[in-house]
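Use these hints to put chain A onto chain G, whose structure you have.
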Amino acid sequence: MSPPPDAKPPLGEPAASRRPAPLTLAGQSSLRDRLIARDERALVELIDAATPWLLGLVQGILQDQDEAEEVVLETFRIAWDRIATVGDEHEALMPWLLRIARNRAIDRLRRRARWRRKTERAESLGALGPATAPFSEPDESAHPGWHVHESVHAALRTLPEEQQKVVRLAYFGGLTHSEIAQRLGIPMGTVKTRLRLAFDKLRLALAPIQDWVR
Amino acid sequence: MTPHDWYVENRVAFVARALEASEERLFSDHLPRCEECRREVARLERDLGALPMAATPVAPRPGLTHHLADAILYRRVWWRRAGPAFAAAAAVILAVGFGMRERQQRSTLTSALTDRERELSALRDTLSIWRESQRVVQRDIAMGNHRGGLLIFDDPTTHRWNVVMHGLPAAPADSVYQFWFITRSGMVRSVELRCDANKPAFATLDMPKTPGPVMGAALTVEPAVNHSPEPHGLELAHVQF
Chain G
49 MSPPPDAKPP LGEPAASRRP APLTLAGQSS LRDRLIARDE RALVELIDAA TPWLLGLVQG
109 ILQDQDEAEE VVLETFRIAW DRIATVGDEH EALMPWLLRI ARNRAIDRLR RRARWRRKTE
169 RAESLGALGP ATAPFSEPDE SAHPGWHVHE SVHAALRTLP EEQQKVVRLA YFGGLTHSEI
229 AQRLGIPMGT VKTRLRLAFD KLRLALAPIQ DWVR
Chain A
2 MTPHDWYVEN RVAFVARALE ASEERLFSDH LPRCEECRRE VARLERDLGA LPMAATPVAP
62 RPGLTHHLAD AILYRRVWWR RAGPAFAAAA AVILAVGFGM RERQQRSTLT SALTDREREL
122 SALRDTLSIW RESQRVVQRD IAMGNHRGGL LIFDDPTTHR WNVVMHGLPA APADSVYQFW
182 FITRSGMVRS VELRCDANKP AFATLDMPKT PGPVMGAALT VEPAVNHSPE PHGLELAHVQ
242 F
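Which chain is which? The protein sequence lines are G and A, in order. Under the working numbering, read the first sequence as residues 49 to 262, first letter to last. Under the working numbering, read the second sequence as residues 2 to 242, first letter to last.
Keep in mind that the hints are not guaranteed to be accurate.
[Unchecked claim] Label pairs and their in silico Cβ distance ranges:
| hint | chain 1 | residue 1 | chain 2 | residue 2 | range |
| --- | --- | --- | --- | --- | --- |
| 1 | A | P4 | G | D114 | 40 to 48 Å |
| 2 | A | W7 | G | Q113 | 35 to 43 Å |
| 3 | G | E210 | A | Y75 | 20 to 28 Å |
| 4 | A | A22 | G | A255 | 25 to 33 Å |
| 5 | A | L32 | G | E210 | 28 to 36 Å |
| 6 | G | D129 | A | P33 | 40 to 48 Å |
| 7 | G | D114 | A | D6 | 40 to 48 Å |
| 8 | A | P33 | G | R125 | 20 to 28 Å |
| 9 | A | A22 | G | T238 | 15 to 23 Å |
| 10 | G | T238 | A | R62 | 38 to 46 Å |
| 11 | A | L32 | G | R125 | 19 to 27 Å |
[What the hints assert, rightly or not] From the derived model, a few chain A residues whose C-beta atoms are all more than 12 Å from chain G:
| hint | residue |
| --- | --- |
| 12 | R12 |
| 13 | H31 |
| 14 | A51 |
| 15 | A89 |
| 16 | V93 |
| 17 | Q139 |
| 18 | G145 |
| 19 | N163 |
| 20 | R185 |
| 21 | C196 |
| 22 | D197 |
| 23 | P224 |
[Stated by the list, open to error] To spell it out: a stretch of chain G is covered by chain A in this simulated footprint if at least three of its residues, at any positions, have a beta carbon under 8 Å from a beta carbon of chain A; those stretches are:
| hint | region |
| --- | --- |
| 24 | 103–114 |
| 25 | 148–154 |
| 26 | 206–213 |
| 27 | 236–249 |
Quick caveat, the hints were computed from the structure, so don't treat them as lab data. Where is the CB? At the ideal position from N, CA and C, for every residue including glycine.
The shape of chain G in the complex, shown without the other chains (with noise of 0.2 Å):
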């Protein structure tokens, strides 16, 4: 995927000022409003910016790239599909997006007859690493989204260790309350615990970010 030439910024500007500009055209309908009026081009936009980064969320829960592929195909048709007939307009566009992708992705993960095999293989490759491992691509900050990428990492930073893991296990591995317990080896209760107290932080320091797809 090649980022639009805009979303490069320019050296030496300070960090706030070289975050990317949201998806959109000043003077043109969001993103949105073009969707549901059917332009093509719109979707075909919101499948470059997208995919990436469902690709990452759905690849991490699979640990299946073909899988992963379809998922993001059927989260993509069902955007298409749906626009017009989301109730809340309001809602942010990306965000759905990740939402749909990721219950497909999980829901895929937990029909499969192989899953525990599966989730053993992530094991093996490290089930925290997709979410924990740092990005060092050295052109990747200049792919739009990125700047929200590294808040909500700044924001995951900011738990205990024992709580990072709880969510990335519970939320990037696709995994239940007593599968976690199993993993880590520690009650059920106590997973439950820290799940909701990650939470509880997290929905402080994410609520303010706002879409970067308009």
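Coordinates of chain A only, in the frame set by chain G:
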């Protein structure tokens, strides 16, 4: 602790999809019935909307985004691409349909034309005789809803009488249409005429072998088994020559 407290406690776990399958079903069933939980779950989802962005983006393999767009727009693209082929197929089907209908119509018309030519030929024959006739008698006859008639004309070449009965229904059950000559010595029984509304009866009759001239003719409805020398049934027509 009330039963609802369990739902309050597990809202976060529901949004995180950390509940066990049975618990998740229980919570999903509860949501449509509980405005408060619905609102809180929606709020949690909104507040945590950016959390999935923690996942590291993965560069799609070459051509994937193009494939995704094509796959989603496929239906419309497919229709657009297949449009001409469908139009051609539809044209062929219509042409075949019209062709078959045309063929059927042609066959029906040919058959009707043959019938008309046959009728015309018969009429020409009749007219060729009639043209020479010196005596022509026509009577209208009504039978129920049917309007028909009796046409009698002589053939001076063969010295015969031509009788045409038309437009009348088939004779009532156990009855016949009976044609009579009226002579100076009385009624002379002639032929039974058989017709229906669509098919006229035509007969060429010799002069009755009775003394004296023929003065007229009559048409009656007689019992089929009664061959009385005198008419007894309903008289439909009575003509004088």
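Okay, the hints, checked on the actual structure:
Between P4/A and D114/G the beta carbons are some 43 Å apart, a value that agrees with the proposed interval 40 to 48 Å. Judged by the Cβ atoms, the range 35 to 43 Å given for W7/A and Q113/G holds: they are separated by roughly 39 Å. For the pair E210/G and Y75/A, the beta carbons lie near 47 Å from each other, so the given range of 20 to 28 Å is not met. Restraint check, A22/A to A255/G: a C-beta distance of roughly 30 Å satisfies the suggested window 25 to 33 Å.
One distance hint, 28 to 36 Å for the beta-carbon pair L32/A and E210/G, holds here, with the actual separation near 30 Å. In this structure the supplied range 40 to 48 Å is violated for D129/G paired with P33/A, their Cβ-Cβ distance being about 22 Å. A beta carbon spacing of about 43 Å between D114/G and D6/A agrees with the range 40 to 48 Å that was offered as a hint. For P33/A paired with R125/G, a C-beta distance near 25 Å keeps the hint of 20 to 28 Å intact.
A22/A and T238/G have their C-beta atoms about 21 Å apart, which keeps the hinted 15 to 23 Å range intact. Here the CB-CB span from T238/G to R62/A is close to 41 Å, well matched to the stated 38 to 46 Å. Separated by about 25 Å at the C-beta atoms, L32/A and R125/G satisfy the suggested range of 19 to 27 Å. Annotated as non-interface, R12/A brings its C-beta within 12 Å of a C-beta of chain G; the closest such distance is 9 Å.
Non-interface status of H31/A relative to chain G is upheld: no Cβ of that chain comes within 12 Å, the nearest being about 18 Å off. Residue-level check failed: A51/A sits 4 Å from the nearest beta carbon of chain G, not beyond 12 Å. Its beta-carbon lying about 26 Å from the closest one in chain G, A89/A satisfies the requirement of being farther than 12 Å from that chain. Every beta carbon of chain G lies more than 12 Å from that of V93/A, the smallest distance being close to 32 Å; the non-interface claim holds.
With a least beta-carbon separation of about 78 Å from chain G, Q139/A lies farther than 12 Å from that chain, consistent with its non-interface assignment. Every CB of chain G lies more than 12 Å from the CB of G145/A, the least distance being 69 Å, so the non-interface label holds. With a least beta-carbon separation of about 82 Å from chain G, N163/A lies farther than 12 Å from that chain, consistent with its non-interface assignment. Against the 12 Å criterion, R185/A stays outside the reach of chain G, whose nearest CB is about 100 Å from its own CB.
With 12 Å as the threshold on Cβ separation, the claim that C196/A sits away from chain G holds: the shortest Cβ distance comes to roughly 73 Å. With a least beta-carbon separation of about 68 Å from chain G, D197/A lies farther than 12 Å from that chain, consistent with its non-interface assignment. A cut-off of 12 Å between C-beta atoms confirms that P224/A is not in contact with chain G; the least separation is 83 Å. Given a C-beta distance limit of less than 8 Å, the hint that chain A covers the region 103–114 of chain G holds, as 6 residues qualify and 3 suffice.
Evaluation of the coverage hint for the region 148–154 of chain G: fulfilled, as 4 residues show C-beta separations to chain A shorter than 8 Å, against a requirement of three. Remark: the region 206–213 of chain G is not confirmed as covered by chain A, as 0 of its residues place a Cβ nearer than 8 Å to a Cβ of that chain, below the required three. Evaluation of the coverage hint for the region 236–249 of chain G: fulfilled, as 6 residues show C-beta separations to chain A shorter than 8 Å, against a requirement of three.
Hint violations for this structure: numbers 3, 6, 12, 14, 26, all remaining hints satisfied.
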